[in-house]
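Using the sequences and the hints given, assemble the complete structure.
If you're matching positions, the sequence shown starts at 948 in the numbering used here and goes up one per residue.
Hints are computed from structural coordinates only; laboratory data are not their basis. Careful, some of the hints might be misleading.
With a straight-line Cα cutoff of 20 Å, these simulated PhoX-like cross-link-like pairs (lysine-lysine) come out [said to hold, decoys possible]:
#, residue 1, residue 2
1, Lys995, Lys1023
2, Lys1039, Lys1029
3, Lys1023, Lys996
4, Lys968, Lys996
5, Lys972, Lys953
6, Lys972, Lys995
7, Lys996, Lys1029
8, Lys995, Lys1013
9, Lys996, Lys972
10, Lys1039, Lys1013
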Amino acid sequence: LAEIYKLSHRILELKNGKIIKDFPKNEFFTHSSISAKLCLSTTLLEIKKSDILVVLTLLLNQDIIKITLSEEEFLKAYQDIKIGDTLILSVKAFNPLILK
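Below you can see the structure in the form of structure tokens.
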């Protein structure tokens, strides 16, 4: 995907041999309507209750990450998610730390 991004200028969507959409590469790869600074596509592997928290285990590319929610937040907004669902993990404001 990184090579496609680097080598492309625009993305064409074809249907029945005809161009139905023509996107600049930036618009195609960041088509989300979420106004976040960082959006990551993950797969839900596990939902586990831990005291007053709910721990979600997510697969992000080759990495397994865990995020926590309050039980109240989970029940209010996320109780319908299930194992195998694709979730978007987004962060609106953060200070990235880049290590080499």
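Enumerated hints in conflict with the structure, sorted upward: 2, 4, 6, 9
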